[in-house]
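Asks: So the chains spell out like this:
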Amino acid sequence: MNKYRPIGPLKILQGSSGNNLGPGATGVVLSRAGGGKSACLVHIAFDKLLGGERVLHVSIDETPEKVTDYYEVRFYNIAKALKLPDDFDIQGLLASNRMILAYMNDTFNVQRLRDNLENLSGNMDFRPDTIVIDGLHVNNSERELIGNIRTLARDMGMEIWMSALYHRHIDKTNIRGIPYPIDEIDDLFDVVFQLKPEGSFICLHMLKNGDNGSGGNSMLRLDPRTFLVIS
Amino acid sequence: MVNNTENLRNVGISAHIDSGKTTLTERILYYTKRIAVIHEVRGKDGVGATMDSMELEKERGITIASAATYCEWKGHRINIIDTPGHVDFTIEVERALRVMDGAILILCAVGGVQSQTLTVDRQMNRYEVPRIAFVNKCDRFGANPYLVVDQLREKLGHNAVLMQIPIGLEEDFSGVIDLVSMKALYFRGAEGDQVVEKDIPDNLADESLKKREELLEAASMFSDELMEAIFDDAVTEELLFQAIRKGTLSRELTPVFVGSAYKNIGVQPLLDGITRYLPAPADVCNKALDLDNEEQEVELLPDPALPLVGLAFKLEVTPYGQLTYIRVYQGSVRKGTDLVFTRNMKKARVGRLVRMHADQMEDITEANAGDIAALFGIDCYSGDTFTDGTLNYSMTSMFVPEPVISYTITPKDSKSGTRVLKALNRFTKEDPTFRSYVDEESGETIISGMGELHLDVYVERIKREFNAEIVTGEPQVAYRETITRKVAFDYTHKKQTGGAGQFGRVAGFMEPSENGVYEFVNEIRGGAIPTEFVPAVDKGFQSCLDKGQLIGFPVLGMRITVNDGKAHSVDSSERAFFAAAVGAFRQAYMKARPVILEPVMKLSVEGPSEFQGSIMASINQRRGLISSCTEQKAFTNIEAEIPLSEMFGYATVLRSLTQGKAEFTMEFHRYAKVPDSIAEDIRLKIRERAKENK
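So the protein lines, in turn, are chains A and B. Just so you know, we're using the numbering used here here: the first sequence kicks off at 1 and counts up by one. Just so you know, we're using the numbering used here here: the second sequence kicks off at 1 and counts up by one.
Hints listed in this document are in silico derivations from the structure and should not be mistaken for laboratory results. We put the CB at the ideal spot given by N, CA and C, even for glycine.
List time: in silico DSS-like cross-link candidates among lysine-lysine, alpha-carbon distance up to 30 Å:
hint, chain 1, residue 1, chain 2, residue 2
1, B, K246, B, K74
2, A, K66, B, K602
3, B, K673, A, K66
4, B, K661, A, K66
5, B, K287, A, K66
6, B, K74, B, K335
7, B, K335, B, K347
Listing some non-contacts, in silico: residues in chain B with all C-beta distances to chain A over 12 Å:
hint, residue
8, I35
9, L204
10, A234
11, L271
12, T275
13, T428
14, S448
15, F520
16, V570
17, E574
18, S645
Next comes chain B alone, as it looks inside the complex (with noise of 0.2 Å):
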């Protein structure tokens, strides 16, 4: 067991679906030991690769969640979080991303940087997470790992080197040639476990000679030692090896390593390369802001001595319990001991503590600064902050992206009803970006997430792992209602039929309201309402704003104001004074001339600039509103405004337009003015749906 934070990797593998992640990670762990069998990702064995655990990953070959495992490799501890590479997927990427030092970005050597390689890079340099590449497929047909340098350098903007050549390419592709060595690595045996150095090749001599020069040369830029040592042609691989770390670590370079996952060829280098170039926690500077000094940022120690503070970065719900991933960055958590979670204070004792590895599991007495482990049994959320009690800090929390699609979804009887109210706990409890709630006006259950794969994956879930029928619908979209003049109200409540009587008069009026919430107005003279009766009227009013007369939806922005009444001494209660609201809410609400709002939402494109029109056409048929434009080497960014309603479908739209290589994130902006011409279809469908529901 490696104990020693200067040898311990937290990695994360992300790519472009397809690319290889998890048949890479099956060969790391099969190189490392960890695993005695290779099982492919859609092996004629049928087990499926190790790290996808979840049948619907097997049968998709597509990793969904992501899985933790770590392995030992020369002396060094690798933690491996194994990422999905769809879009939909992104926030298992960002979760991965949040907790780890350093990353391996998998490039397919046919089809180079992808949509889905842009939204990884990004996602890096938004945590700063130091890289390595790796080009896979290089046995495949039309494999150019050069063309993917060249790509990597143009389109991600990275300093990107050659650590290794190919020795052939396509079906001919038999081993790598190590530019820091200047070795021919070959891998015999019937894994490829065996790695043969030999001379390198005659013909590639020049190339290799030519490829070292630019190594040497991009190398030297991080250290004057080896610049000097070029000069007296004195290079050591050990100056070599510290340079290209220096550079690493500062973001400045990316060494690109050179293979094939599944043809094992290559992985023992690129893990040779995690352990040289990537980072340990002490070179990573992770901060947490200390609630107690008015948010400060702190720095954080991998020291396991010093008090403890960690994330809780991932949550699985699993037939046991709750299983909760954590990333320890200061201090050490002991199985026994109490965790204190920043967000509510409360305690929970540390019962089972475990390491991950895919969906089994080693039990582990403590984990310490550094580490990546899971819990058993501790109730929180993803991205809680846990310490140990005497620090009040509080980890940056993650950026979980806005739902942008939902559906409704019909259990087909009362079984399964019950079923998918279980399964909609679970995974709400799991993924931060997949909701649940039951629309109270038609008393469906609506899901929202990522995008259509995201929902799907889950109705897929709920079907296989629920037994659930269930029937799936149209998307919807949160409407809201406004009022957009000021009309005044007057209305008695009166009832006298048997028993107590009930009377109250409300007179005032209704107005839109500046800052969009709602507010009410007391402004009764000579107690015409007596004051113990104000706060009813004040409750009947706000208990007609969660369906407005117009759609049936909430309603924004407006002001009430009493300024008269009438109370009864015997007839008067509180009772009465709420309906006599009621009544004058639904007296003048109408005539204040209401409007539907629609959720307009923050769009952002990206694709390559040759896309630009199409993306910008597309936007603007859909009621879009561009405010910038960004140019970015190859590609474009495209910020807009655009509501939510026409939004439905755009990903399939968008990619068909730009061959799959944009991408759109979009978060909620603010609520706006449907147009008259729109706002009377949604009317009409709304009633239609309505007298559907009866």
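Excised from the complex, chain A in its bound form (with noise of 0.2 Å):
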């Protein structure tokens, strides 16, 4: 399985001073409208279910249809890219280490999300190592839920992915060099990455890596159909 596993955006970390994600962790992924938010979130939930981690994939205002669809799409690329064949057993065995939670209709909170965890880890004995939230569109405004979703992170030792929507006419950043809409909440992430599209790429930038502030000039350049990283 691991032959399937991509060289994909977590591969940033690799380069970098450490690994500041793992159990109660956070991380964000900042990007523009249709800039590759939630493929580089699915990419991150691949790397996690091809390592053997069970992955819950939180969506919000999508159908778990259409998220199915979006992994089955995404597989299938990387398959092609890695010149492997598009293996059903493979991804049966991702999908059941894969739930998906969707929330529709403004039904999301972080207490039904701890609900819903404790009633699958209680009933199903299904307990994710990563949560990857979509669409939740993080910014300024939610600190309240940001940093509840954080303490869950830590209350239940999981590490949990969002992805904020950045605007390039507002061109706010802090000193830490963390753009608007997260500049006022950037300490409640150990990792931010933002994806800029050059090219024909995607560059991935690692704005933050643990407590220690910025994450240096970490740079991936991303094939923007399956992720890989290109150089």
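Join the two chains into one complex using the hints; note that each chain is given alone, in its own frame.
Replies: Right, here's the structure in full:
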């Protein structure tokens, strides 16, 4: 299964001063609209799943069917790029380690997520190592919500990833180099990634990695279709 | 007679079981003068409600088959289909909603939004049916229509708005205040025939004003004109009607009426509501697929002058022949003309065209676009599209759920056997969710359907309507077998017992096939098996697939490669090579490590979020694998894969786990290998059953 493990976004952490992810950590992927936030989160999930971890994909306002399709298409693209067969058995194995939790019509809140996690763990023996939350659109006004998610990550010992939308016309950045809309809440994240289109690639910049502040100049070029590292 | 489709309403009535659908329909028929006397569902006169024409319906007090009827109210014709409330009869509700333009969602003023309300509401959403709500039983102890409106908003996500408020509640319930006319309505006379309009009682004046404000605010979202009129204090009834109608048709507003059908309160205003707010056929966009144009969607127009397109949505076998309920979407059906069924392009002559009224009927000569009628003596299937032959259109097929439970039924004597056969033939034509077949191995007759009550009703009908004595047995699962490794075979069939001999040698190997189907590969070189005998070899192998040697169930996913053999110039024949293939199969099969496959279902359970943990546990205990959960307001929908063998009795378990508030549906998903520990149990059970059958 490891041969399918893509050299994807999380590789950026390898070249950095340390990996500040893991149980209790939170990460966020920043990009502008259509910049690949959801794809990046799915590829982070793939990396974890192909490493044998359990992943909970939390989808806000997208049905589980759509999320499943998204995973299947991404897997197909990875397999094709790596010149490997689109193996149904491996897809099945990945699906058995993945759970999709969809919150429709403004039903998402942290207490409900916590209850759902307890139900999954208590009744299904499903305890995810990583949670990716897609569709939350993290921003400064959500300090309490993101704070609660961070508390949840620590209480449950899980790594949680989210996404945020930045706007090109707002160039507000804090002294640590973290842009709007998370410049006032960057203390709530251990790792901050930013996606920027550059020619025919997507550039992944690491803006923060741990409490030491900036992630330095770490940058990876990704194939926009497969999110595999090009350079 | 009303002929204008603008004044036609095709309406379904749906609700949770025992919410009073049939009682309400009985009142509607009475006030519209379709019947002269009201009969109660479980009335002392023993007649039963008009719409419950089946003996079992009258006895159990539930509606089993949906009955169609029609009535006229203030210049409008209303086609009504009364539908069953129980989840096991869900196909009846689906069929009704498929052909309805609008619906009345009935809720109990005490029970509010109940489990089956969720199902019917979801079904209405699936078919995009605009609806109005009727909060019934306001005379009952504990009635609270205000709470029901809150539940409509919170649990079903409706933008529900009260059109009326009750005057008194429980035993003091005496009438309703109409928030459009701002008048109190009382229902006088023995059967509440006379609607008496009075001023609003002083004690309800403030409440009425407050609720009217809410109504105006909700309705104004759909009309700028109304919004302006509110500012100018110049709201007219007509403006309000138009705005509410617009909101209802767009399914963004649900007008709520209150009453008590049993006490004859509030039914006439509901009839006004049906004609004012629910759509006419032209208000609904119905589409068909043009089979001559790559199945492009085409809109059907309710114009009698256009070519005919209609749908047969329900079959009923009556003592006089097959009765086919139809909805005409475009054009018209006339007595004496021909229909062409798109499925097989067969023609059928319209001999007798009737308008249904429960189990009675009226002969008509023509049914126009938008209408619902019934045909006699037409041989077709439920869900068939028909045209006049000038178009090759197909309506999108109705959602027909797969049966989920099976019983064996055994007639006690031969007379009963014949009667059972007759009954099953009739039921399978009537109801696509009811299936029956004879198990070749055991010779037992298997019936399958949507749940225990569904099958119990058919078993009861076999006994009562066909006078057959039967015994029902344990539920059964359709297992399969498959092989897991490649094994070579080399078998010679040789027989020399007087007369012409038989000789044939077949060699090659069997292995699992990748796509789950049977494959035959011919790699014979140099004519080792003469070409004319090769098809017999293939047939010989195929004949073995119906019954695997492991547990006697069909074999899936096998590739047979034949690469050698031998023939005799005199004794070889098709028969000999067929037998050689059977021998080769038997020689190799058990060595190829066969395993048992079981049907795995895609399960969807929906219930209040508070029961999420219990539902998950119940799935986990049954070897289920949850793939996703969806949170919707106060409800959770859990999707899982689960072996069918673990699902018998699940309806009862789920009901008790969730106080009857959760429901499930499932459909076949795939075959999967049974775990070894369970496979051994299955083998033992099947062996025991085989012994018993002997």
